[in-house]
Amino acid sequence: MTTLASPLGRLRWTFTDGLTLVGRELGRLRQEPGQIVAALIFPAVMVVLFGYVFGSAIRVPGGGDYREYLMPGLFAMVTFSAWLSVMTRTAGDASRGVMDRFRSMPMARLAVPFGQTGADLLTGLLMLAIMVGAGLLVGWQPHHGLIPTAQAFLLMIVLRYALSWVGVYVGLAVKNEQVADAMVPLGLPFTMLSNAFVPTGGMPGWLRFLADWNPVSALTAASRELFGNPGVPSGDLAWPLAHPVAAVLLWSAALLAVFVPLSLRAYTRRGR
Amino acid sequence: MADPIVVAEGLHKSFGDTHALRGLDLSVPRGAVCGVLGPNGAGKTTAVRILATLSDPDAGHARIAGFDVVRDAGEVRARIGLAGQYAAVDDKLTGRGNLRMFARLYHLSRREAHRRADELLERFGLMDAADRPVTGYSGGMRRRLDLITSLILRPEVLFLDEPTTGLDPRSRGEIWSSVRELVADGTTVLLTTQYLDEADQLADDIAVVDHGRVIATGTPDELKATIGDRLDVVLEDPAALPPAATVLNNLAGAEPAATGADRLSVALPGGGLRLADIVRELDRAGIAAADVRLRRPTLDEVFLRLTDRKEAVR
Ligand SMILES: Nc1ncnc2c1ncn2[C@@H]1O[C@H](COP(=O)(O)OP(=O)(O)OP(=O)(O)O)[C@@H](O)[C@H]1O
Ligand SMILES: [Mg+2]
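Protein sequences, first through last, are from chains A and B. Residues 1 to 272 (the working numbering) make up the first sequence, in order. Residues 1 to 314 (the working numbering) make up the second sequence, in order.
Please note that a few of the clues may not be correct.
[Stated by the list, open to error] Just some of the chain B residues that point at chain A, by a computed CB distance under 10 Å: (1) Leu82; (2) Val89; (3) Met101; (4) Ala129; (5) Pro133; (6) Tyr137; (7) Arg172; (8) Arg180.
Since the hints were made in silico from the structure, they are not lab data. Built from N, CA and C at the ideal position, the CB exists for glycine as well.
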């Protein structure tokens, strides 16, 4: 046992404790192999459902294969699941008193949110890898070589990490597992209201505005561009779609700048 | 007596309009078991949360082993264990997995964490269930796991907030014996409870809390002595109840309560009355008693009396 006297010691323990909490998530997965199976099946179901069901009816603007068009949207969808899963985890810990136990222990204060977001990053990477596999199976592939491909995945990871901090904050704020569970279905309309599955061109003006400025759209557009997949829009575009890579980076920076301090404050607050 | 290890002075805490604590004072000597009793909403949990550094008081101070719970929270956390009102363990992990994780978070080395987890599981009878996920545990097992999780560091002070609420008598007994063992090791325990027999069984000292303040303190015996002995009389003939009540009223100087069709109970003023006097007076009035008994009051009676009187004063 060590107290957290020096700043350097504190940093080290934040890191070590964070890793312990990442290990906790892996331990939970081991107890629930069903979750892994679900995580494996989910992308496959999405690819088949959207790729073949929607794909039979939707024409990609500027031509091209719908499944090639679709995969960047599914990558974005998986990325945006981050805040929901972190939110339910955090709210669960808060409502069951596990968070209070952490807070009554002489551990690094910031380790809990860092551990939680770090663990989510691992599960996120796993889900992305499975999604890539499913995509390759149905004929999707990146066309612009290694560096742009790596850049696209890097963008997804950066945004995912930023989104997981939104989850920490919302989870700490609702503090109630049932409420958190009830919020999960909200994730779907949020992803649908974008260019991920259908082009935004045909939407009514106000809806199109929302969809164009939805960060899901920016991420989707950025990866279409970097992968060289069809559906890269042209003409008179909203700013985030004209500069999707910059938009994703700005979104990530803004989310981190707002939600990291908010979460840390909510976690260390001792009013209640 | 040695310096008290837990000290609270004038703690105040409000939630909106609710004054949960209004000047709570508390002092627990090292190695003692202090029972905090109080009705629902008295402020017990609020006080424990402040002492365990989870919440800051609006006013007042508290120290654990000399460290201030607000300014030196880190030092305090290294010396306490907390088992809250519900079992704060990870349902999805096994019992062993929980203990290992928390031990690592207490900064034990990996080897030490594994050893300590096994030691605690063995000592508190959870070894058989060690590798099952906690979801499948009974309420009592879960509580016990929660309790031993707070023992990983061998805390100097252990806070138990209603450790046996909702448990069957057998599980309660198990928790009680665990607590006794800890106390034998020298741990100081502060325990809140609504079960007075629990306080009677475990506590050296009792603090009765109501409306955010301590309204009485003392050993269980001292508290019982404050309200005097009780006299219970069982009559042979229920019809003799009214005259018997008059006799007892004269003797005790207080209105006796009918505790059944044929029985009366009354609190006696401290000392002075002997059983023989009572029997003689009843006899002189021509009342046949099947049973006359002097006894110490139960803690329940003390508790009801104390919290009642407070109500009347307000
Ligand atoms: N987080 C909170 N927000 C608002 N009010 C609160 C909060 N916590 C406690 N209270 C109020 O403060 C008062 C004291 O509550 P506390 O939980 O300390 O009582 P208690 O003695 O532990 O009761 P119980 O025996 O029911 O556990 C109650 O009136 C309660 O409603
Ligand atoms: Mg309580």
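With a cut-off of 10 Å on the beta carbons, see whether Leu82 (chain B) makes it to chain A.
This hint holds: Leu82 (chain B) lies near chain A, its Cβ roughly 5 Å from the closest one there, short of 10 Å.
Interface hint outcome for Arg180 (chain B) [beta carbon to chain A under 10 Å]:
Violated, about 23 Å.
Does Arg172 (chain B) pass the interface check with chain A, least Cβ-Cβ distance below 10 Å?
Hint on Arg172 (chain B): violated, closest Cβ of chain A at ~20 Å, above 10 Å.
With a cut-off of 10 Å, does the beta carbon of Ala129 (chain B) approach a beta carbon of chain A closely enough for the hint to hold?
At about 14 Å, which exceeds the 10 Å cut-off, the nearest Cβ of chain A leaves the hint on Ala129 (chain B) violated.
Hint status (Cβ of Tyr137 (chain B) to nearest Cβ of chain A, threshold 10 Å):
The hint is violated - Tyr137 (chain B) has no Cβ within 10 Å of chain A, the shortest such distance being about 13 Å.
Hinted contact Met101 (chain B) with chain A - closest CB pair below 10 Å
5 Å, holds
Can we keep the Val89 (chain B) interface hint, with Cβ of chain A closer than 10 Å?
Holds - the Cβ of Val89 (chain B) comes within 10 Å of chain A, reaching about 7 Å at its closest.
For the hint on Pro133 (chain B), just tell me whether its beta-carbon gets within less than 10 Å of chain A.
5 Å, holds
Checked against the numbered hints given earlier, this structure breaks hints 4, 6, 7, 8; the rest are met.
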